[in-house]
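Trainee: Let the hints inform the model, and build the full structure from the sequences given.
In order, the protein sequence lines correspond to chains A and B.
Counted the way the UniProt record's numbering counts, the first sequence spans residues 1 to 403.
Counted the way the UniProt record's numbering counts, the second sequence spans residues 1 to 403.
Incorrect hints may appear among the rest.
What the hints assert, rightly or not - Some chain A residues close to chain B (C-beta under 10 angstroms, calculated; not the full set):
1. T11
2. S58
3. F114
4. D119
5. K168
6. D200
7. R237
8. S245
9. Q272
These aren't lab readings, by the way, just hints derived from the structure by calculation.
Even for Gly, the Cβ is constructed at its ideal location relative to N, Cα and C.
The primary structure of each chain is shown beneath.
Protein chains: 2
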Amino acid sequence: MALQQMFAGRTERMKASEIRELLKLLDQPGITSFAGGIPDPDLFPADAFTDAFAQALSPKTQSVALQYSVSEGYLPLRKWIAGQMAKIDVPCDPENILITSGSQQALDYLGKLFLSPQDTALVGWPTYMGALGAFNPYEPVYGQLSVNGNRSAEDHAAQAKADGGRVKFAYLSADFANPTGETVDQRGRESVLELAEALDCAVIEDAAYQALRYDGDPVPSILALELARKGDLEACRTIYCGSFSKTLSPGLRVGWVVAAKPVISQLVLMKQAADLHSATINQMAICTVAESIFDSHVQTVRNVYSERRDCMLAALEMHMPEGVSWTKPQGGMFVWLTLPAHMDGAELLDVALDTEKVAFVPGKAFFADGSVANSLRLSFSCASPEMIQDGIRRLGRVIRATM
Amino acid sequence: MALQQMFAGRTERMKASEIRELLKLLDQPGITSFAGGIPDPDLFPADAFTDAFAQALSPKTQSVALQYSVSEGYLPLRKWIAGQMAKIDVPCDPENILITSGSQQALDYLGKLFLSPQDTALVGWPTYMGALGAFNPYEPVYGQLSVNGNRSAEDHAAQAKADGGRVKFAYLSADFANPTGETVDQRGRESVLELAEALDCAVIEDAAYQALRYDGDPVPSILALELARKGDLEACRTIYCGSFSKTLSPGLRVGWVVAAKPVISQLVLMKQAADLHSATINQMAICTVAESIFDSHVQTVRNVYSERRDCMLAALEMHMPEGVSWTKPQGGMFVWLTLPAHMDGAELLDVALDTEKVAFVPGKAFFADGSVANSLRLSFSCASPEMIQDGIRRLGRVIRATM
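Mentor: Shown next, in the form of structure tokens:
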């Protein structure tokens, strides 16, 4: 018998991320790609990292930088993060923070922490496909999370029970979400908190894009709103996942979780068993760079992406035919485009690549049930204004021709 | 209801590693500690890493070093590893290799890949407690793996069936294992392969210490033996887990898995969902350092540890009372000491710390069922010859006094 016949049942739900497979295909020369959704590498603070790695490897700290360290994460970095969290009205201790290998790892651990097979995870429709990928091995049922309170907690609970488990958490990215770019307003966030309260479940707040706001007033984070209500982080059910991937560098794989201490303690045990700790030297380098240039660097990133977003929205306005609509994100990296109901984003991609050499991600994979096909995700983070103008013009042409 | 009441059942088996909690306690000034089991930080090739990180961050490659990368791992590093594997008679392609965040992560992924609740994992008695920690969340039953063929496959299979699952793998570290320091001879390795063949299960070969041989002839790896029998890596059931933690640096968290391609493909999907990829820059730095100094550096490490091992064995010979026995490792970092049957390693530790300020790890936690208490693990990797002579003398005194 071949080894793969001995794989556990959970592996049946592990599939190649369509995006990641697609990216290998799309990042070809000659293609104008809005598919990526990764940071512009020209914006990485490489000089600051060069200094920071050299500093970590200086005689005074090299034996720390290269050695095993604690599963909780590098203490000075957790202190810096605690300071940042205080700035967004979530004062906390380093003991409320776990450093993870990107916020992707936090999603995996949270799936492992909460989900038994047949438990329900409430997610957006669409939602971040990497979250679906992280949760899938724990064999949940997905329920549709709405942020306008139009489905009662009783209803959700009854459905989850019928599906063989209970609602364990609501997962959402409230700021400039991947894939839609949309932001949930304060009323919507309060409504998610009320739903979670009624369901007695956790809220996983994916804040990966939160720092990338280009205009409009910041909305308090879900964790900040809950903390304001309850006055004690230890009483909060929201678990906040942050990341340096969209601000400083994704290649270093450093993110963090903020939550009540019993949750963090359990995640620390999980990390200890799963990979001991995130790379020591990377945590030190991120800490040094964050301490010295975080705010100014993020402002630079915002300026560049904001211009690209403006350019993409203007180009869409100019080139999209009647019947096509799109989101107007106040931050992040994405615009979500909705085609007429009869059209299919994946079929459009084939034609767009073929006739116009322009690429994007078809929307279907962002739906837990793959039920909606007439949408697509456009990323503006890595494209110059010229590429955007020309690419969107060509995209408009192929949509028009296919309608 | 508190959030922790919503944790999945699997979390009940996640406990703090006794070693890691102990280490926080034992690494105090004034204590002579043989507890650690970590590499000597004075041996880290810090200068080589300084150059390698600077090189990775040079203008030519900085945008690669700091960016997202593929889940499989950095190709030049996989090529270098393929070259090393060929030297130990396991020629393979980069597609047979996945880069993991330390071999600890490989153990977590392999537990996730194979184990459904109630499946059986065969492990040594004692075994590496970090493997038990990695497998525990997947809720296996542990069976006792013997390397002398004294329990039949039928017997193992019947027991596993009675326990509600089947035997999914045999896990072992065949070279200078943590905690015993012992090596499984070629006959023992063949016997494990035969058992796995009869049980139609996988073999997980943890090769974390394999490069640290100080004397005696190398024994072919289990994977090499299986490959020699079958002639085709794709037909092999052995999954080899390597690590740079004991040779170059543990803090960078870089290890690897070598296996048949369908196994690697599934592990790649798992890694994609769990943390996307191991840190890009660390893989680049490890690759540069490995390419330039791996062999000479490992020889340096061997020379130092070998002297410490000699020193510890001589001191044990001199100071241990009648009735105490210990292993004579040909490599690695550990000596395993067996006390008279009525003694308890944990109780001895209390007295040893109190009266002699000497520390070690009690053996109980290395047994899946915690059934054996009269043993302890001594590590010589971080102790100078003077510390070893003095510490073992004091350990002998406290054992004598407690007998």
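Trainee: Honestly, which of those hints from before does the structure not fit?
Mentor: none
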